[in-house]
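Asker: Next come the chains, spelled out residue by residue.
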Amino acid sequence: MKATPLSNCERRFLLRAIQEKKRLDGRQCYDYRNIRVSFGADRGCCIVELGRTRVLAQVSCELVPPKPSRPTEGVLFFNLELSPMAAPGLEPGRQSELLVSLNRLLERCLRDSKCIETESLCVVAGEKVWQIRLDMHLLNHDGNITDAASIAGIVALCHFRRPDVSVQGEEVTVYTPEERDPVPLSIHHMPICVSFAFFHQGTYLLVDPTEREERVMDGLLVIAMNKHHEICTIQSSGVVMLLPDQILRCSKITAVKVAEITELIQKALENDQKARKEGGKFGFAESIPNQRITTFKMESAAVDTNDVEEQAGEIIAKADPPSEVFASPVVHTPGTAQIGEGIESSWGDLEESEKEEAAEEEGESEAAAFECEKVETEDTSTLKETKSDEPIVLSDSEEEEVVILEPQELPRKTRTQTSIKQENPSKKAFNKRRRKKRTSR
Amino acid sequence: MAAMAMERGTAAEALVGQVVLPGDLLLLPAHYDEDAEGERLRLSAGTAPQGRLLCGPGLRRSGAGLLVTKCGLLRHRPGGGGAYWVDSQQKRYVPVKGDHVIGIVTAKAGDVFRLDVGGSEPASLSYLAFEGATKRNRPNVQVGDLIYGQFVVANKDMEPEMVCIDSSGKSSGMGIIGQDGFLFKVSLGLIRKLLAPKCEIIQELSQLYPFELVLGMNGRIWVKAKTVQQTLIIVNILEACEYMTAEQRKQALAKLSGN
Amino acid sequence: MAVEMEVADGQCRLRPFSCELGLLSRPDGSAAFLQGDTSVLAGLYGPAEAKISKELPDRAALEVLLRPKVGLPGVLERSREQLLRQTCEAVLLGVLHPRTAISLVLQVLSDAGSLLSCCLNAACMALLDAGLPLAALFCGVTYALQPDGAILLDPTARQEQEARAVLTFAIASSDRKVLMATTKGSCSVEEMQQCLAAAQRAASTIFQFYRDSVRRRYSKN
Numbered sequence: 001m002k003a004t005p006l007s008n009c010e011r012r013f014l015l016r017a018i019q020e021k022k023r024l025d026g027r028q029c030y031d032y033r034n035i036r037v038s039f040g041a042d043r044g045c046c047i048v049e050l051g052r053t054r055v056l057a058q059v060s061c062e063l064v065p066p067k068p069s070r071p072t073e074g075v076l077f078f079n080l081e082l083s084p085m086a087a088p089g090l091e092p093g094r095q096s097e098l099l100v101s102l103n104r105l106l107e108r109c110l111r112d113s114k115c116i117e118t119e120s121l122c123v124v125a126g127e128k129v130w131q132i133r134l135d136m137h138l139l140n141h142d143g144n145i146t147d148a149a150s151i152a153g154i155v156a157l158c159h160f161r162r163p164d165v166s167v168q169g170e171e172v173t174v175y176t177p178e179e180r181d182p183v184p185l186s187i188h189h190m191p192i193c194v195s196f197a198f199f200h201q202g203t204y205l206l207v208d209p210t211e212r213e214e215r216v217m218d219g220l221l222v223i224a225m226n227k228h229h230e231i232c233t234i235q236s237s238g239v240v241m242l243l244p245d246q247i248l249r250c251s252k253i254t255a256v257k258v259a260e261i262t263e264l265i266q267k268a269l270e271n272d273q274k275a276r277k278e279g280g281k282f283g284f285a286e287s288i289p290n291q292r293i294t295t296f297k298m299e300s301a302a303v304d305t306n307d308v309e310e311q312a313g314e315i316i317a318k319a320d321p322p323s324e325v326f327a328s329p330v331v332h333t334p335g336t337a338q339i340g341e342g343i344e345s346s347w348g349d350l351e352e353s354e355k356e357e358a359a360e361e362e363g364e365s366e367a368a369a370f371e372c373e374k375v376e377t378e379d380t381s382t383l384k385e386t387k388s389d390e391p392i393v394l395s396d397s398e399e400e401e402v403v404i405l406e407p408q409e410l411p412r413k414t415r416t417q418t419s420i421k422q423e424n425p426s427k428k429a430f431n432k433r434r435r436k437k438r439t440s441r
Numbered sequence: 001m002a003a004m005a006m007e008r009g010t011a012a013e014a015l016v017g018q019v020v021l022p023g024d025l026l027l028l029p030a031h032y033d034e035d036a037e038g039e040r041l042r043l044s045a046g047t048a049p050q051g052r053l054l055c056g057p058g059l060r061r062s063g064a065g066l067l068v069t070k071c072g073l074l075r076h077r078p079g080g081g082g083a084y085w086v087d088s089q090q091k092r093y094v095p096v097k098g099d100h101v102i103g104i105v106t107a108k109a110g111d112v113f114r115l116d117v118g119g120s121e122p123a124s125l126s127y128l129a130f131e132g133a134t135k136r137n138r139p140n141v142q143v144g145d146l147i148y149g150q151f152v153v154a155n156k157d158m159e160p161e162m163v164c165i166d167s168s169g170k171s172s173g174m175g176i177i178g179q180d181g182f183l184f185k186v187s188l189g190l191i192r193k194l195l196a197p198k199c200e201i202i203q204e205l206s207q208l209y210p211f212e213l214v215l216g217m218n219g220r221i222w223v224k225a226k227t228v229q230q231t232l233i234i235v236n237i238l239e240a241c242e243y244m245t246a247e248q249r250k251q252a253l254a255k256l257s258g259n
Numbered sequence: 001m002a003v004e005m006e007v008a009d010g011q012c013r014l015r016p017f018s019c020e021l022g023l024l025s026r027p028d029g030s031a032a033f034l035q036g037d038t039s040v041l042a043g044l045y046g047p048a049e050a051k052i053s054k055e056l057p058d059r060a061a062l063e064v065l066l067r068p069k070v071g072l073p074g075v076l077e078r079s080r081e082q083l084l085r086q087t088c089e090a091v092l093l094g095v096l097h098p099r100t101a102i103s104l105v106l107q108v109l110s111d112a113g114s115l116l117s118c119c120l121n122a123a124c125m126a127l128l129d130a131g132l133p134l135a136a137l138f139c140g141v142t143y144a145l146q147p148d149g150a151i152l153l154d155p156t157a158r159q160e161q162e163a164r165a166v167l168t169f170a171i172a173s174s175d176r177k178v179l180m181a182t183t184k185g186s187c188s189v190e191e192m193q194q195c196l197a198a199a200q201r202a203a204s205t206i207f208q209f210y211r212d213s214v215r216r217r218y219s220k221n
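These protein sequence lines map, in sequence, to chains A, B and C. Going by UniProt numbering, the first sequence opens with residue 1, and the numbers climb by one from there. Going by UniProt numbering, the second sequence opens with residue 1, and the numbers climb by one from there. Going by UniProt numbering, the third sequence opens with residue 1, and the numbers climb by one from there.
There may be inaccurate statements among the hints.
Unchecked claim - One-sided excerpt, in silico: chain C residues whose CB lies under 10 angstroms from chain A: (1) 23; (2) 26; (3) 37; (4) 41; (5) 68; (6) 95; (7) 96; (8) 214.
Unchecked claim - So the derived label-pair ranges between C-beta atoms look like this: (9) C:70 / A:333: 34 to 40 angstroms; (10) A:4 / C:95: 44 to 50 angstroms; (11) A:177 / B:250: 34 to 40 angstroms.
Just so you know, these hints were derived from the structure itself, not from any lab. Glycine included, C-beta positions come from ideal geometry on N, C-alpha and C.
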């Protein structure tokens, strides 16, 4: 999917408008768009809407061994993903520069600023610490992903509660939410990123650029600050050269904006906390506005299932009984079975070796035996045959194991697959690929 | 229940002006009389249509009647043989022959320009398809320019082709759109509303200040007014028109003209 | 959020549903579907330009991506993507848009049981919102079989864990045909037929919900 190209007339108009200090949506140069924070039913889940840019954040935790260099500190892991639904140009799996730079910036903002107390995440020094994982997903791209993601990240971290633990000597008890209330993370301060877009070689600047403004900007300056006026991160990118007093001016604007945003965040967190404590309704369903015509809600509805059993009984009675053609499978080793016989293969040289296969290891077997359908003689729907327990050695090398699989699909065609293992075959379980063919598609 | 009745099919006339969903079967008058012992049922608009019944966007012929394929409001036009179609809100444009659209030039490949029209493929436009263009007198088109043209070839199997002249060789308003002004995108339903004859929105806007307006069927609108501020106002009003009722619009315009 | 349990006189309950259409500005169609505390956001682009390697000469190439909230997509997501893709292809009239790509992205916002049926519902609403041509609508219904044989409609996460089997069906709106069925756990043929029949009943309620929400959407025209 390709993004729509920007036409010359749009570019010229936007630059002209910025020269006259006018923005498309009527904002002033230093105004932010509307910020809306909504929380999910799970702890640590929130969606932040900055204008039309939408970011989802979720915090989760897990007990892991600590890093060897820091045995008494917890582990923090941050990940921002640009979902393919966010914009037409984003495709899955391609690590673009934008994604890498955003991730790096958010890591510096949240990790290097030491806003989370990692020492408090230690459970047993050197053995068990909490790993806090923050996943962010961009759902809609309308500019200024950095700010939206940083707000979402810090809100989710403040909203999250980790299970309570107690340590008695060597024993660690992790309490479920029912046994003991989960505890919040200890967060020192809330760093928030504020982005400035520069135009006309640094002459004009705009706070919180939209996607169109980002396309025509010359450079971007991001300052992450907390409400105590401490700069956590500062980054400048693009082709613009900034003067020191421009940067100072930006940091002053940042201080004002961060104070406003922090207040908004605190209020949102308080509202959610109150709703949960008083037993009111919370979660995404509550944050959907009722008045819009694009939303619709339905209360819990009952479905009548009174005579379902009779209906089902009728259907079964009318249906043909399942044919009893296939015999019960012959079980060779745990996890493998054979139904029917294969058809003679017609590949000259490999005729002998095709019927023989290396046996499966004794150690591990596949998860569950599964039912197979009736085998018709025209279609070869053969499972892998496993013969006796001794492996058939086809080569002298102990490190290689060559497995030749049964023919599938058509009797004329045969296919062989070889897989080479690095280790001693007896150590690792080798999952053979099962060829199950559905006779009717 | 109404839901079950839908599956057997309901008369098309009964649903005109109501919301229909994909999978609904609409029965046409000629087949509707199966229940009434062979007696032909009335309905002035639909009885034994003289011409051919036109099955418009959102509908497909299927056995007994018309199958609805898009959700929206069912509309009917009685003229000729009659026409039924579904009025749906959509953002994505699919090229249709004869539509006038605004395209953005993305590449110049030899004799042909490649234009992005918002569909699934870029459209091609020959440099000779402009009024007064000859091999020596090529139009001055750069990458990123806006062009207003119409489709001569647009079907699902071929790459769409555009021209900027009509059948008699005159440009009739098509061609390269000027340098100033602003381009923005709205939904296709709004464009159709704006292109309807005697559209109120355009009339009310024209009383504010003079402006130039080009509407492309692919959802793109180009506006140019005297100042940047006026252009922005028109852009914002047109974008908001999607979800505003007539009263809200009149209030907004009154506020602006009061300024 | 109140969780509804099965009522003893043979009635099953669906959790409170909500849906929002067209909430994202960039995708061609988008929908958020909530069933109780389970919510899924679907965004759709199409018909758009396809990569040469992926385009099909006679119909549209549909690609479904399901993203979990935490971690990278794994095998479970891939198998669910295949189920969703097959269901969508069964109703989508792809022959009207050959050599194009339609890409449907689903993001799990919260998972409190019946996730696959929530994904199916969100996918159908996104297809509706984008205005793609469909031959019918579809909806997803999940049933859980308790160890004592009772069936539970629209189970929560805890009910799914305690159940003997969890069955999910995709039901089409034309004649209530079954488009997709997937089960986890073991159940007898009679129990599966019972759940299927019950799912067809529940589907009527869900289709009425679709109709009402689309009616509301077009109420201003």
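Asker: Against each hint, give a clear statement of whether it holds in the structure.
Answerer: Hints and how they fare:
1. The criterion of a C-beta within 10 angstroms of any C-beta in chain A is met by residue 23 (chain C), whose closest approach is roughly 7 angstroms, and the hint holds.
2. Annotation: interface hint on residue 26 (chain C) holds; nearest CB of chain A at approximately 5 angstroms, less than 10 angstroms.
3. For residue 37 (chain C), the interface hint holds, the least distance from its beta-carbon to any beta-carbon of chain A being 4 angstroms, beneath 10 angstroms.
4. Restraint check, residue 41 (chain C) versus chain A: the minimum CB separation of about 6 angstroms is within 10 angstroms; hint holds.
5. Hint status for residue 68 (chain C): holds, given a least beta-carbon distance of 9 angstroms to chain A, under 10 angstroms.
6. Because the closest C-beta pair between residue 95 (chain C) and chain A is about 19 angstroms apart, greater than 10 angstroms, the hint is violated.
7. Checking residue 96 (chain C) against chain A: minimum C-beta separation of about 19 angstroms lies over 10 angstroms; hint violated.
8. Evaluation of the residue 214 (chain C) hint against chain A yields a held restraint, the C-beta minimum of about 9 angstroms falling below 10 angstroms.
9. Restraint check, residue 70 (chain C) to residue 333 (chain A): a C-beta distance of roughly 37 angstroms satisfies the suggested window 34 to 40 angstroms.
10. The hinted range of 44 to 50 angstroms is not satisfied by residue 4 (chain A) and residue 95 (chain C), whose Cβ atoms lie roughly 26 angstroms apart.
11. A hinted range of 34 to 40 angstroms for the beta carbons of residue 177 (chain A) and residue 250 (chain B) is inconsistent with their spacing of about 54 angstroms.
Going through the hint list in order, the structure does not satisfy hints 6, 7, 10 and 11.
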